[in-house]
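Asker: Residues per chain are reported as follows:
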Amino acid sequence: MIKIEELEFYYKRKSELFQHLNVDLNEGKVYGILGHNGAGKTTLLKLIAGLLFPKSGKCSVNGFVPKERNPYFLQEIFYIPEEFEFPSTTIAKYIKTHSGFYPKFDMNIMDDLLNEFELSVSRKIHNLSFGQKKKLLIAFAVSTNCKILLMDEPTNGLDIPSKSKFRKVIASYFNDDRLFIISTHQVRDLDNILDTIIVIEKGEVIFNQTIEEIQNTLSFQKVKNLSEMDHVLFSEKEFGGFSVLAESKDFGETKIDIELLYKAINSNKETINEAFKNEHNN
Amino acid sequence: MEFNDNKAIYLQITDLFFDEILMKKWNNGDRIPSVRELAINIEVNPNTVMRTYNYLQEKGIVFNKRGIGYFLADDAYKATLNLRKEEFIQQELPQIFKTMNLLDIKLKDLEILYNEHINKK
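For the protein sequence lines, the chains are B and E, in the order given. Read in order, the letters of the first sequence correspond to residues 1 to 282 in the numbering used here. Read in order, the letters of the second sequence correspond to residues 283 to 403 in the numbering used here.
Keep in mind the hints are simulated off the structure, nothing from the lab. A couple of the hints might just be wrong.
Here are the computed lysine-lysine pairs in the DSSO-like style, where the Cα-Cα straight-line distance is at most 30 Å [to be verified]: (1) B:Lys58 / B:Lys277; (2) E:Lys341 / E:Lys367; (3) B:Lys255 / E:Lys380; (4) B:Lys277 / E:Lys289; (5) E:Lys307 / B:Lys255; (6) B:Lys255 / E:Lys388; (7) B:Lys46 / B:Lys96; (8) E:Lys289 / B:Lys224; (9) E:Lys307 / B:Lys165; (10) E:Lys403 / B:Lys237; (11) B:Lys168 / B:Lys255; (12) E:Lys289 / B:Lys237; (13) E:Lys388 / E:Lys306; (14) E:Lys289 / B:Lys168; (15) B:Lys269 / B:Lys202; (16) E:Lys306 / B:Lys222; (17) E:Lys367 / E:Lys403; (18) E:Lys307 / B:Lys168; (19) E:Lys347 / B:Lys222; (20) B:Lys222 / B:Lys147.
Next comes chain B alone, as it looks inside the complex:
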């Protein structure tokens, strides 16, 4: 559904962000995009949404070129930025003026979610807290029934019960025709809700695997001594022993520790990707 080929992008000519960005994203998946600050996560979301234009290369989204901002393209995509501005009006008026852009907008879903997030339509948006505004935006985005939903740090600013509700919302409204992309540092908030992990570093996609592939290939263990294990790819010392990332061969499928995986990829992406190639060839 999203195809990016040899995409080049920079804010200043002298410091290129993306030189040869290549990535394919398909419907029926919830993608988690990870990367250091400044790696280009937000820029990538904006390029997909048509808020920034590539300098060269291809970017095709749902059969459209985002740069052209075709209305049929825009009605099927919604971008939740990390920071945002709302007009000074009530929630009810905001919904009334903005829902018209999305032909599949479902007012029943909107009502349910506002209720779930404890927001009343008569509230003035500028009186809401940051977290409440974010919940309003999430509720609106889901209610549009857009095929593509882009979310930049959606759980930032949400209180603990709202994070749980956010996961329920994703589990409820995600389906095989939709594509959700979540850029995040808060992997613990989201780890069971993602089904593909993408890591960007220095303007390149250095890792792109589904949870199922990760489970088949890698094993996440805790051991007292490193000598207890073979096929260790990465380890980190912690209280009383080590967290270990190993090839899964003999250990069975384990729960994925995304933080450990992320650190392993950052310290040695070649070794990790090699393990996936080997698993594929077996």
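Since the structure of chain B is provided, determine the placement of chain E on it from the hints.
Answerer: Here is chain E on its own, set in the frame of chain B:
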């Protein structure tokens, strides 16, 4: 639901099913939650929950009535019992034996403790 175990999430959900079946909260032939219902309830990606259902279907524990939903098979209890027994013998028992060796607990000691435990109930 808290996922503390080191097992893959879809296998932890499988264990949840096994518990419900062995404790007879879910009985043979019962209708069970849909993939979506369970996904929302435990806040997990529906694709992950689907893996659990596929796995249980392969093992003959659940089956899908097209357009209606998922149900426990007629011999779900027996199939679950056999599967869990095998798992216990192959995976959990060796760990227990290892600890017994380490702590020098004899089989006889264990027998006494086991009988005490049973009588308490």
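Asker: Give a verdict on every hint.
Answerer: The hints, checked one at a time:
1. B:Lys58 / B:Lys277: holds, 27 Å
2. E:Lys341 / E:Lys367: Distance ~14 Å between E:Lys341 and E:Lys367 Cα, so the pair holds.
3. B:Lys255 / E:Lys380: Roughly 24 Å between the alpha carbons, so the hint for B:Lys255 and E:Lys380 holds.
4. B:Lys277 / E:Lys289: holds, 23 Å
5. E:Lys307 / B:Lys255: holds, 27 Å
6. B:Lys255 / E:Lys388: Roughly 34 Å between the alpha carbons, so the hint for B:Lys255 and E:Lys388 is violated.
7. B:Lys46 / B:Lys96: Satisfied, since the Cα-Cα distance of roughly 25 Å is no more than 30 Å.
8. E:Lys289 / B:Lys224: Given pair E:Lys289, B:Lys224 holds - Cα atoms ~19 Å apart, limit 30 Å.
9. E:Lys307 / B:Lys165: With Cα atoms ~27 Å apart, E:Lys307 and B:Lys165 stay inside 30 Å; holds.
10. E:Lys403 / B:Lys237: Violated - the C-alpha atoms of B:Lys237 and E:Lys403 are around 43 Å apart, more than 30 Å.
11. B:Lys168 / B:Lys255: Within the cut-off at roughly 20 Å; holds.
12. E:Lys289 / B:Lys237: Status holds; Cα separation ~21 Å.
13. E:Lys388 / E:Lys306: Violated - the C-alpha atoms of E:Lys306 and E:Lys388 are around 34 Å apart, more than 30 Å.
14. E:Lys289 / B:Lys168: holds, 22 Å
15. B:Lys269 / B:Lys202: holds, 13 Å
16. E:Lys306 / B:Lys222: Roughly 34 Å between the alpha carbons, so the hint for E:Lys306 and B:Lys222 is violated.
17. E:Lys367 / E:Lys403: holds, 22 Å
18. E:Lys307 / B:Lys168: holds, 24 Å
19. E:Lys347 / B:Lys222: violated, 41 Å
20. B:Lys222 / B:Lys147: violated, 40 Å
Consistency with the previously given hints fails for numbers 6, 10, 13, 16, 19, 20, ordered from lowest to highest.
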